[in-house]
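S.K.: Residue strings, one per chain:
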Amino acid sequence: MLTDFPGCSAGSIVSPCYLSACQGENMAGLMAAFGCYTHAIVRGVPTSLAKEALRTGQAEVDSSKAQREHDAYVHVLRSTLGLEIVELPADETLPDCVFVEDAAVVCGDTALITRPGAESRRRETEAVKGALKELNLNIVEMADENATLDGGDVLFTGREFFVGLSKRTNQRGAEILADAFKDYAVSTVPVLEGLHLKSFCSMGGPGLIVIGSSEPAQKALKIMQQMSDHRYDKLTVPDDLAANCIYMNLPNKGQVLLHCPREEYPESAKVFEKLKDHMLVPVSNSEKVKVDGALTCCSVLINKKANN
Amino acid sequence: MTTESGTDSEAKQHQQQQEESTGAPKENPKAAEAASPQNHPEQLPAAVGHSTPARKEQETQEDDQDSRQSSTSRLSRSPLKGVKKVKIMQCKVTLPDGSDYTLNVEKRIKGQVLFDKVCDHLNLLEKDYFGMTYRDLEKQKNWLDPTKDLKKQIRTGPWNFAFNVKFYPPDPSQLTEDITRYYLCLQLRDDVVSGRLPCSFATHTVLGSYTVQSELGDYDPEELGSDYVSELRFAPNQTKELEEKVMELHKTYKGMTPAEAEMHFLENAKKLSMYGVDLHHAKDSEGVEIMLGVCASGLLIYRDRLRINRFAWPKILKISYKRNNFYIKIRPGEFEQFESTIGFKLPNHRAAKRLWKVCVEHHTFFRLVSPEAPPKKFLTLGSKFRYSGRTQAQTRRASSQIMRPAPFFERSASKRYNMSRSLDGAPITENHESLMKDSDGDTNARGDIITTVTAEKKAEEEKAEQEDACAETTEPAAGSVMPLRQEPKDTEPPTEMVKHHTNISELKRSFLETDAGVPGLTEWERRLSSSPAHSARADEPPMIEPLDLRDDDSEEPTGDERKAEPKVIEAAGYLLNCTADSTVADGAPPSGPLEISPSATTDDDVFVAEEKTPSSQDDLSEKSVAKLVREEVTQAIIDKRGMLIILKEAEAETENLMSKMEDATQVKGSPKKAMASWVSEVARAEESEVFRVPTKETAKTFEETAKTFELSKLDVAQIALPGTAPLAVSTLGWVSSSVTSEKASTEKEQKILVATETIAAPQDCTGTEGGMVCPKETPVVHTETKTITYEAAVGDMNGDTDPGVLLSAQTITSETTSTTTTTHITKTVKGGISETRIEKRIVITGDSDIDHDEALAQAIKEAKEQHPDMSVTKVVVHKETEITAEEGED
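If you read the sequences in order, they're chains A and B. Under my numbering, think of the first position of the first sequence as 1, with each following residue one higher. Under my numbering, think of the first position of the second sequence as 309, with each following residue one higher.
Take the hints with a grain of salt, since some may be wrong.
Unchecked claim - Chain A regions said to be covered by chain B (calculated; three or more residues, Cβ under 8 Å):
1. 119 to 127
2. 166 to 175
3. 227 to 233
Said to hold, decoys possible - In silico BS3-like pairs for lysine-lysine, Cα to Cα no more than 30 Å straight-line:
4. A:129 x B:548
5. B:548 x B:559
6. A:276 x A:253
7. B:447 x A:305
8. A:219 x A:65
9. A:304 x A:133
10. A:51 x A:167
11. A:290 x A:219
12. A:304 x B:578
13. B:559 x A:133
14. A:219 x B:591
15. B:460 x A:305
16. B:579 x A:304
17. B:591 x A:167
18. B:653 x A:219
19. A:65 x A:274
20. A:219 x B:579
21. A:65 x A:51
22. A:305 x B:578
23. A:129 x A:167
24. A:270 x A:219
25. B:579 x A:253
26. B:562 x A:304
27. B:447 x B:418
28. A:133 x B:579
29. B:562 x A:305
30. A:133 x B:548
31. B:425 x B:460
32. B:653 x B:591
33. B:548 x A:304
34. A:305 x B:548
35. A:290 x A:51
36. A:276 x A:305
37. B:559 x A:304
Derived from the structure by calculation, the hints contain no laboratory data. Ideal placement from N, C-alpha and C gives every residue a C-beta, glycine not left out.
Modelling step: build the complete structure from the supplied sequences, incorporating the hints.
M.R.: This is the structure:
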């Protein structure tokens, strides 16, 4: 049951590839090509994840399988895609620490260190901040004690931000994000179901939003479209969780899409497989997803070239 | 810094003469003195009403050689000038580069003249993106209306203006001339430096580097030194680090021409999210501080820096304002049957009006192919204000005709950047925060007043409204028969008519589109569902909820919208309808509440005539024949600036719908050229010079675009009332160019507010269309006639061809205490057959004590009797009732 926009059926997605190569230099501020990354910050999986990580479901987590999956994920980033990986050690006292995405939002040369909505996760930002500093990014911190923001609620489309107002992210957090990234419009989107905004959507390319087909997901998409001055194509996948994928635009690789494998979401995987212009890389995530961790959650992607 | 010398300055002294006549009495002696040719402008008393204060003058003279010359030349020439001369005002215009341009203009000129002069000075051909601004007493930036007299806009204070970009082209590369882009760049630099256009550090460096390249050329360490950028401003808080980064980038631009650098600048700037967004402070229905941003694509709603909603132009069916409220009516969404109206509170009435105007203008400029003709009929309700300039489409077409060789122009070394004020004269700190503060300040200031006035304010207001309404209706009664006025412009060229028709057809088409989804319902019915009175749901907390109800638009954009574009564009004709319009006297005390309270002495304006959701709507609507269009009269009596604002709103939406239906079912001959044009009416108060009453006066003008101006020049279209006495009327001129081109039809127009949405217009249609005969006579107390005769090929609007030659049009108005009947008779010759078509518009005003049904029945009956030989082909009823409880609170 795909409901795609007219002229954009799953089979013939025409994602407007107006940015096909990484540009850098002069265009630093606004024009950095979407999806261009050079570095990724990841963090080890603590054994405490299986038992103590926050979760909305009840499924049992196979700790070692989670570890294997994560290793494979990092391997893809490093070897397959050639990113420089900054790997932070796991912290057993922070069972959710593998989900580094929530700790920072990086856009251009600015990194906003978040204030995660879950109290138990606040300290996760420390290590991430250190790593970002190492990478010479401009660090902006969220000092306001009333603000909460999880990176998982932040969808950057290349032209603007959407911030999900969820259990983990509030208005104030979104405001601080807007202050940190002044070039861009920052629109808020209520997240009615699911943990984060990106629990049911992500970018599949410049101007292409991958979206789950659940009603809340579709609703959120509508809101995003209404709020936006830009036009997006959408790629609807049957499973909300499968809508979380990772898009990159890499030198020598072109458009890359890390997405769910067939084994996990057969129907959704089929949709991804119809994308012709992307280098498709299925990445397993069956264990971390049990603690609400999606693909994007496990890395912070950075484009250092743009920051020269 | 340039000054127009000689020619303008010569008449300078006359300005003083004028001051004498317009200045406050106590200043007369001085002014008279000033009138003597010997006087230099410096000696003008600073307080003289309309003049440029002496301080101002001195400034100019000090830093402007030319000015000095002009004053001397004035001296020598003055004897030559006759006794009575045009009054000359000195204007200071802040140019895009931050410099001031001083010029003298006749006091009576329109804004356009000044604007043109400045454009000439700037050698700018692609003018339409620009405009002039001035600051009002509240220090708020206002756009100079090119169609109105300067003096009516700058009521007090020095004549200081700024030349600004008004419509930021979404794609600056489509501008034809480099010089235009240069001025756009200058504006944007100022926007950036002042904080109005926020951007990141990285963007500051990029924009800054292009600025440097454009102004200084290639990086050249020998010539430029190492610190060359620090004299330029790039950011509100410029740091050494920023300057270094700018230099770093600058070094890489070798060989880039200034024009190229500006192009790069613009390509970056245009992507900033706040590019071209005109922000206005407001509060949502819950009192939460928000900002409304008007831009090329629509209306953006911000809370702090966050965008919490956005309404693209195609999504907005109507914008209106009333008092300090601003309303947008939203096209129903996919899952929503009814339109919703969302209301916002602006700090005061003027702010609401300002916002409304900016919306009208942006919508027209960016969304329409050609500007919408202002409502021509004098009985249309609401503001006559329309954007009268060219639209983007038109200006692009026009600029493609520009043949001149690229003009040489000097890129001045940013005088502005060392100055402590920004381009438009605002403090340089103006950014969101400071704006916020400003508004807070305002609010507080007002708050004080509110506390003193509050208790009675509302009741008073209500009462006064009624009184005013009464006064309005009764005034002619006592004044006996008004002099019938022959329209001085009988020979008015037909072009307007033609335009008008086009407009109507647009309206209809648009309504077809609009209503297609929900047949049988009128605008009015739908409105009910969400009129501000109980539309809480529409503006629920995050203002987001309505979104999913209106998401049809989100579908549109992807595919449909583009295709539908032409249509939508036309459709826009219906869009802009204002509830009210008024010119607020600047002299009004800067107190919000007072402004809106209608007590006849101090306030300038009262706005009413809003759609009001009647509590008793059900019963009324069932019959739905009654009509109640509320009229509001406001008398602004401010020393020497009397204003009477009559506000009526009656909308044509129902009619549109009906006429469409007719179109669909009937063939020619039906009164299909409905009255879409009764969209809104404004009676705007104009300053009356001739009929000025020392303390209080009311001047009323029914302006009719082009004609208006002539009229006002003739001092014709004015009524002067001594004080609030509603009865004495000295003169009244009404102009009307309302036209209907076919068949006789009688129209009753009303606002219908129906709770039961299904009843609506269709029913009315059928019910009334057969022709209504009702008994009774209403005493006609006062009649006004207005005749316009012209011959014109009247363009047809529905494609059903049949121009027909309009022979004459006549409008007669009669009023009784509770009804105002306007009869509009048009005679046309079509295919050899002469047709007389009569439209009657009956406005019944009154509170719930009046039996509107009865009143209407009477009116219809009367109409019937007056024209026994004609058949009623159509009756349209709008009814509007009000909920007083919802009203007038702050």
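S.K.: Against the structure shown, which of the earlier numbered hints fail to hold, in ascending order?
M.R.: The structure breaks hints 1, 7, 8, 15; every other hint is satisfied.
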